[in-house]
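Read off the chains here:
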Amino acid sequence: MDRDILLDVRHLSVGFESYNAKVEKVFFNAISDLNLTVHKGEIVAIVGSSGSGKSLLAHAVMNILPDNARTGGQMFYKGEELTPDVMNRLRGHEIAFIPQSVAFLDPLMQVGDQVVGTLGEKARGLQQKAFSHFGLKQQVANLYPFQLSGGMARRVLLSTSYVTETEMIIADEPTPGLDLKIAIEALRDFRVQADQGKGVILITHDIDLALNVADKIAIFYDGRVVETADTQTFRGDGQGLKHPYSQALFHALPQNGFNLPRCPKCGATCATWNVDEKGMRCGCGNS
Amino acid sequence: MSKGLLQYLTATVLRMMALLIAVTMLSFFLVHNAPMDPVDAFLGEVTVSEEQRAQIAEHWGLNRSPVEQYLIWVNNTLHGDMGESLTFHEPVTKVLGERFRASLLLMGTAWILSGVLGMILGIIAGVYKDRWPDRIIKTFSLLLASTPVFWIGLLVLMVFAVELQWFPLGLAVPIGKVESDVTWLERLHHLVLPALTLSITGIANIVLHTRQKLIDVMESEYVLFARARGESLKELVLRHGLRNIALPAVTLQFASISELFGGSVLAERVFSYPGLGSTAVVAGMHADAPLLIGIALFSALFVFAGNLTANILYGVIDPQIREGGGIDG
Amino acid sequence: MANEKFLKVKSEGLNRRRKILLIIFSGVIILAGVCLWGIALDPSRYAPNYEARRLAPSLLHLFGTDNLGRDMFYRTVCGLSTSIQIGLLSALISSFIALALGSMSAVFGGKVDQMVSFMVDLCMGVPHLILLILISIAVGGGAAGVITGVAVTHWPNLTRVIRAEVMQVRSAQYVQIARKLGKSNWHIAAKHIVPHVFPQYLVGLILLFPHAILHEAAITFLGYGLPLDTPAVGVILAESMKHLATGMWWLAFFPGIALLLMTQLFDVVGDYLKILIDPHSARQ
Chain A
1 MDRDILLDVR HLSVGFESYN AKVEKVFFNA ISDLNLTVHK GEIVAIVGSS
51 GSGKSLLAHA VMNILPDNAR TGGQMFYKGE ELTPDVMNRL RGHEIAFIPQ
101 SVAFLDPLMQ VGDQVVGTLG EKARGLQQKA FSHFGLKQQV ANLYPFQLSG
151 GMARRVLLST SYVTETEMII ADEPTPGLDL KIAIEALRDF RVQADQGKGV
201 ILITHDIDLA LNVADKIAIF YDGRVVETAD TQTFRGDGQG LKHPYSQALF
251 HALPQNGFNL PRCPKCGATC ATWNVDEKGM RCGCGNS
Chain B
1001 MSKGLLQYLT ATVLRMMALL IAVTMLSFFL VHNAPMDPVD AFLGEVTVSE
1051 EQRAQIAEHW GLNRSPVEQY LIWVNNTLHG DMGESLTFHE PVTKVLGERF
1101 RASLLLMGTA WILSGVLGMI LGIIAGVYKD RWPDRIIKTF SLLLASTPVF
1151 WIGLLVLMVF AVELQWFPLG LAVPIGKVES DVTWLERLHH LVLPALTLSI
1201 TGIANIVLHT RQKLIDVMES EYVLFARARG ESLKELVLRH GLRNIALPAV
1251 TLQFASISEL FGGSVLAERV FSYPGLGSTA VVAGMHADAP LLIGIALFSA
1301 LFVFAGNLTA NILYGVIDPQ IREGGGIDG
Chain C
2001 MANEKFLKVK SEGLNRRRKI LLIIFSGVII LAGVCLWGIA LDPSRYAPNY
2051 EARRLAPSLL HLFGTDNLGR DMFYRTVCGL STSIQIGLLS ALISSFIALA
2101 LGSMSAVFGG KVDQMVSFMV DLCMGVPHLI LLILISIAVG GGAAGVITGV
2151 AVTHWPNLTR VIRAEVMQVR SAQYVQIARK LGKSNWHIAA KHIVPHVFPQ
2201 YLVGLILLFP HAILHEAAIT FLGYGLPLDT PAVGVILAES MKHLATGMWW
2251 LAFFPGIALL LMTQLFDVVG DYLKILIDPH SARQ
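Protein chains in written order, with my numbering: chain A, 1 to 287; chain B, 1001 to 1329; chain C, 2001 to 2284.
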């Protein structure tokens, strides 16, 4: 067992039970057979398009999925199985979650109090330090979430991970809405924290951004990680990438010429690709 | 007070004034449209000459056009004179004042009882969603919501007054006692059953509402995040749950005064409790137009006072209204 | 591709739908049965019989007999039937008012919308029982008073629902597109708006019944509704009050329970219909 492994997710699946238009109980599979490993001192970026279920992965790890969700597989934290009980003990202390939108703040509570959370007045100083670190005026602490701009809300959310001594941070889309300077600052922070030995999961749809700070990039597609590659592999000619979807993503990067893969048979670009662990096939069924 | 709040309150008050005026017009129109002859109703069994009838009609202004009568009524009302009750042979304002005091005690007790109990039960149900405490509370509330008030009153009477004889059969004070001799304990003794009946019927609404609201809050993203930050169930309910359900619950309780009033008419009838509600029933039976209009106006005023309080509370407590727009940046 | 991800959970689903339909169907059958039974019932079944006065419930007289020896079971059946008929009529009228005002409010907006909203507030501003008493007096009492009263006091909630539904469908993309394609207003109303609003209207109508019936009973109980010689639940319960002290508990108990069960049945039918129309509400 690798002693540096912080979080190990094995064969995770997440699905939802619901009722369809005929009042039949149906099961929707959102994540299937997902594997992910995060070491100490490492930033792992999970890259995938919007709506592909990346946030659910974070929610599954934090054990905050809704009641009608069903999960399968196993998760380990520092070698210990991450059961719901263990997670309930760890969250807020060892593992911090940075959510993606202002909707995650209580609309009727001043944001300063929300950053402090249940830690009480002893964390007030840390909250003030976090605010000045992210360039928020101290008066912002007295505002309600609806009074914040998108960028301010994002910085308040980032501040919430500053008031506790965490070992691991899971950040869900932490940068949209921030101006470039603050965004870079926030990412640099993650780097600093990782260098101190923490583990960071950075969930994003922005592969460029991931390339800038992450050590490893997990390519997320349709509920599974199709490939995890070192950031190095995305530099140069991208020959190290094994999965055709990763390669397609690589070639679609602006610096690599915006090349979209075409189906050799029907000639269509990406729109109709079916992707799984083995490869990528066009929806026309010919290849 | 911010500009936003002031504007909001002014608009609310103006709207309510307009509604009150409309209520008086509506009730005036309805009562004057009644086929019952108020002079007959007034005289009852007494026979008088045509001349005397005409005099009475003249005295009340019955031979003028309805619009004129309405304007006279408005003018008099603004001067504190709402006419004389045909049933009680006393000024309407005096009847209203006396009866309302008794009703206020009854409705106030029931209102507080149903509000506090309803919120507690609603929170329990919401926290234990889909488990047995929730199922019991929910089923019970749904059942109560469609149970007639007067039937509950009858059951309560049968059990506690007739069978167990713990409480008196009705009225607000012991029979045959002079008002000034009645002790508080005796009043309380007579109040228990009607107040219980009235609060039972009001409770369902607030339980179901609080429950649903708490469930919504507990499934909200901000509670998810609070959970992810290690808050316990108790902390979630106390820090975020109460904060977010208190305002709608209190608002609902103020807005439900209309139903409370309707319920009190029935409860007072069952328990022969001499409040505003039972007075309305008697006034209607005797085609007591001045008293009926007075009661309609008074009940509307009461309901509007409740709604206004709810609206003001919303304005004062909800930061989105209190603080106006956000800060750009 | 997305379809592959929705796995049906065995055959449980179909049974559930069938079960809901069965519940709705039986509810409607029972209600219709009681209604017809009451109409067809021979009045001699609950005529005064001085040899069988003040009898406690027994197999012969399920709900007992009253002071005049009338059989309370048949009186109750007849009363429920009357309640259903009056509830049906007044709820229907009320729902038409709601349909008209709600659609007008949504379609014309502006002044009309404000006007309707003012009327809603006015109607909600006076306690319903007070308004019912006033209307009953204005109309001259009796069944007409009850029906008018209940009909003109119960539309506000459904009006709001219909207004919201019409607004929603009007702004929906497919309706916008139909409009751009030059389809006539009648075409849009018939093809898009009515099919969208009708189910909500139906559910609202059914959920109106219990309210209408309870208010009918309440106003009758107070002495303003149906005449004293009709076997209505309100009349029965008002009469029972006089005999409470003498221990004739069955006079109030059974008719009340029967009324409660009937309103519950209407609620059940309405709620399950809602699940059929909007399956997402099934989760709650």
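Hints are supplied without guarantee of correctness; some may be wrong.
[Said to hold, decoys possible] Result set (DMTMM-like, lysine to aspartate or glutamate): computed pairs, CA atoms no more than 25 Å apart in a straight line:
1) K122(A) <-> E167(A)
2) K2242(C) <-> E1163(B)
3) K2019(C) <-> E17(A)
4) K242(A) <-> E227(A)
Bear in mind the hints are in silico, worked out from the structure with no lab data behind them.
Hints versus structure:
no., hint, verdict
1, K122(A) <-> E167(A), "holds, 20 Å"
2, K2242(C) <-> E1163(B), "holds, 16 Å"
3, K2019(C) <-> E17(A), "holds, 20 Å"
4, K242(A) <-> E227(A), "holds, 8 Å"
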